[in-house]
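All chains, full assembly: derive it from the sequences and hints.
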Amino acid sequence: MDNFLALFGEYDVLGAFLVNIELTLWSALFSLVLGVVLVMMRISPISSLRAVAGGYVELFKNMPLTIIMVFMVLGAYAQLKLTFSDTFATNFFWLAVTGLSLYTAAFVCEALRSGINTVPLGQAEAARALGLNFMQSAGLIILPQAFRGSVAPLGNTLIALLKNSTVAAAASVSTETSSLMSEMIEFHADAIIEIFLIFAIGYVILIIPIGILTTYLSNKLAVRR
Amino acid sequence: MASTSKKNESSVLFDQPGPKGLRTIRIANIIAAAVFAVVLVLILMRLAAPPDGENQLSWELWKPALEAEAWTDFYLPGLWMTLQASILAVIGAVAFGLVFGIGRLLPNPLLRGVSAVVVEFCRAVPVLLMMIFFWRGFAFLGIGNSSYWAVVLALVLYNGSVVAELVRSGVGNLPSGQREASLALGLTETQSLMQIEVPQAVFAMLPAAVTQLVVVLKDTALGSIIMYTDLLQESRRLGSMYFNILQTLVVAAVIYFVFCWLLSRLAEWLPEKMRQRTAAPTEAEAVAPIAIMDPSNINQIAVAKEVDEKMFTAGAGPRQYHVHHRGSNASIREWRRTRYMQGYDETHPESQVDPQTMEFPELGELFKARPKDGKGSDSGTSGKSAKGE
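Taken in sequence, the protein lines are chains A and B. Using the UniProt record's numbering, the first residue of the first sequence is number 1, and each one after it goes up by one. Using the UniProt record's numbering, the first residue of the second sequence is number 1, and each one after it goes up by one.
These are computed hints drawn from the structure, not numbers from a lab. None of the values given here were measured: they were computed from a predicted structure. Check the hints yourself; a few may be wrong.
Lysine to aspartate or glutamate pairs mimicking EDC-like chemistry, simulated, CA-CA at most 20 angstroms apart [what the hints assert, rightly or not]:
no.	chain 1	residue 1	chain 2	residue 2
1	A	Lys81	B	Glu268
2	A	Lys61	A	Glu110
3	A	Lys61	B	Glu268
4	A	Lys81	B	Asp52
Estimated spans, in silico, between C-beta atoms of each pair [as the list claims (entries may be wrong)]:
no.	chain 1	residue 1	chain 2	residue 2	range
5	A	Leu140	B	Gly21	42 to 50 angstroms
6	B	Trp261	A	Phe147	41 to 49 angstroms
7	A	Leu121	B	Ile87	24 to 32 angstroms
8	B	Lys20	A	Pro144	25 to 33 angstroms
All C-beta atoms in this analysis are idealised placements derived from N, C-alpha and C, irrespective of residue type, glycine included.
Below, the structure written as C-alpha cells:
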C-alpha cells in the first residue's frame with residue numbers, strides 16, 4: 001500500500017489520465033461531426049459523395065491506428081509542416097486528436113449507418129409523402145431515430161476511442177498514460193505489477209460507467225416498434 | 001416491396017428522381033466531384049512543395065521506397081514478423097476465448113465469476129498498456145525476444161476476451177429449443193453446452209471472428225511502439241535511412257490496407273456459408289457484444305432487422321428463435337419478461353407482462369379479450385381458446 005501511495009506522490013498519474021480523457025473528448029467531438037457528415041454523404045442521392053464517403057470509411061477501417069498516428073507526426077508534421085501550435089506538447093496533442101478523429105469518424109459513420117438500418121422504410125416514405133426533401137427527411141426524421149438506434153455501437157466506439165487514446169504515445173504525446181507507465185516502470189522496475197495495476201484499474205474504472213450508461217441509454221432511447 | 005430484403009439505404013431517402021431531379025443530381029455530382037478534385041490537387045501541391053522541405057513527389061524519394069531491395073530487406077521481413085505475430089495471436093485468442101467463453105456459461109458460479117472477471121478486465125485494459133507491461137516484464141524475467149511475446153500475449157488476452165464474448169453471444173443466440181431438447185433428452189446442462197450449443201455457436205461466430213482477425217492484424221502495428229520489428233517498424237527504419245519516411249509509410253499503409261480489406265471481404269462472404277451449419281444467426285457485424293459489463297445486451301439493431309425480416313420474408317415465416325438472446329445474454333431464464341421489455345411479440349400475447357403490475361395475464365382472461373383475427377398466428381393457443389369457449 002505504501003508503494004502505491006509513493007508512486008502516486010512521485011508521478012502525476014491522475015494528470016496522465018486527464019490527458020487521455022481530454023484526447024478522448026476532443027476526438028469524440030470531432031469524429032462525431034465528421035461521422036455525421038460522412039453518413040449523410042453515404043445516404044445522399046449524389047453518387048460522387050457516396051463514393052468518397054464509402055472510400056473514406058473503407059480506408060480508415062482497414063488501416064492500423066498506429067500508422068495513422070506515426071503518419072501525423074513523421075509525415076504530416078515533420079515533412080509537410082502541418083503545425084497547430086509553436087509549443088511542442090500542444091502541437092503533438094492536436095496532431096494526435098486529428099489522427100484519432102480521422103480514424104474514429106469511420107467507425108462513427110458505420111455505427112450511424114447501422115442505426116439508419118433500424119429505421120423502418122415507412123418512416124422515410126412518410127417523410128417523402130409529406131413533401132420533405134432529402135436534407136429535411138434525413139435531418140428531421142431519419143437521423144434522430146438512427147441516433148437512438150445506434151447508442152450501443154456508438155458507446156462501443158467511445159470505449160474503443162478511450163482505449164485508443166493511449167496510442168497517442170506513437171504521436172509523441174509524452175504526458176499520457178502509456179508513456180507515463182513506460183517511464184514509471186523504467187525507474188521502478190521492482191514495482192512493475194503495482195504500476196500496471198494502477199493504470200489497468202484506472203481504465204476499468206473509466207470504462208465501466210460508460211458501458212453501464214450505454215446500456216441504460218440504448219434501452220431507454222430505443223424506439224419501440 | 002419485394003426487394004426490401006436487399007434494401008439499399010441510399011434509395012430509401014429520396015424518390016426515383018424525374019428528369020428535373022436527375023439534372024439537379026447530375027449538376028450536384030459534377031460540383032462535388034470538382035470540389036474533391038480540387039482538394040486532391042491542393043494536397044498534391046502541398047506534397048510537391050511543402051514549406052521549407054523537398055518535393056515529396058520526386059522520384060528520388062519514391063525510388064528507394066519501392067525498389068526491390070526495400071522489399072526484400074525491409075517490407076517482406078517486416079510483413080513476415082507481423083503475420084507471424086497475428087497468426088499466433090489468433091490461435092491463442094481462439095483458445096483463450098473458447099475456454100473463458102464456455103467458462104462464463106458453466107453452471108458453476110465460481111468458475112463463471114472468475115471467467116467473467118478475467119474477460120471484463122482484459123476487454124477494458126488498453127492493448128498498448130498490456131504490451132508495455134509484458135514487454136518490460138519479460139525483459140526483467142530474462143525471456144529472450146520479449147517484444148515478440150509481449151505483442152502476442154497482449155493480443156491474445158484482448159482478442160481472446162472478445163472471442164469469449166462471441167462464444168457467449170453465439171450460444172445466447174441459439175433458439176432456446178436446442179437447450180430444452182437436449183435437457184429433455186437427459187443431458188446435463190454442461191453436456192448440453194459442450195455437445196449441442198457451443199459447436200453451433202462456433203459456426204455462428206466464425207464470421208465475426210474473421211472480422212476480429214482484422215483487428216488483430218491492425219493491432220500488431222502497436223508492436224512498433226515496443227520495438228517489435230514489424231512492418232511499420234521496418235518501414236520507419238527504411239524511411240530514416242533515405243529520409244523518405246512519408247513514402248515508406250505510404251507503402252506500409254497500402255500493404256496493411258490490402259491485407260485487412262481482403263479479410264473484411266472474407267468476413268462478409270462467410271455468413272452465407274455458415275448459415276447451413278447452425279441454428280443461430282450469422283452476421284459479420286456481430287462483433288458488438290454490446291458495451292462492457294452489459295447485463296442485458298439487447299441489440300436494437302438486431303431487433304430491428306428481426307422485425308424487418310418478420311414482416312418481409314415471403315412464405316418462409318418468421319424466424320423461430322427469441323430475439324432477446326441477441327448480444328451476449330446467454331441466460332434463457334425469464335425470457336418472457338425480457339421479451340416484454342423488448343417491446344414486441346405480437347404472436348404470443350400470453351407472454352406479455354402487464355406493464356403496471358409486471359404480472360403475466362390469466363390465461364382465461366386472455367382468450368376472452370383476444371380478437372378473432374389472431375387465429376392464424378399460432379395454432380396451439382388459438383386452438384385451445386376455441387375449445388375453452
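- Task: May I ask which of the numbered hints given earlier this structure violates, with the numbers listed in increasing order?
- Result: 1, 5, 6, 7
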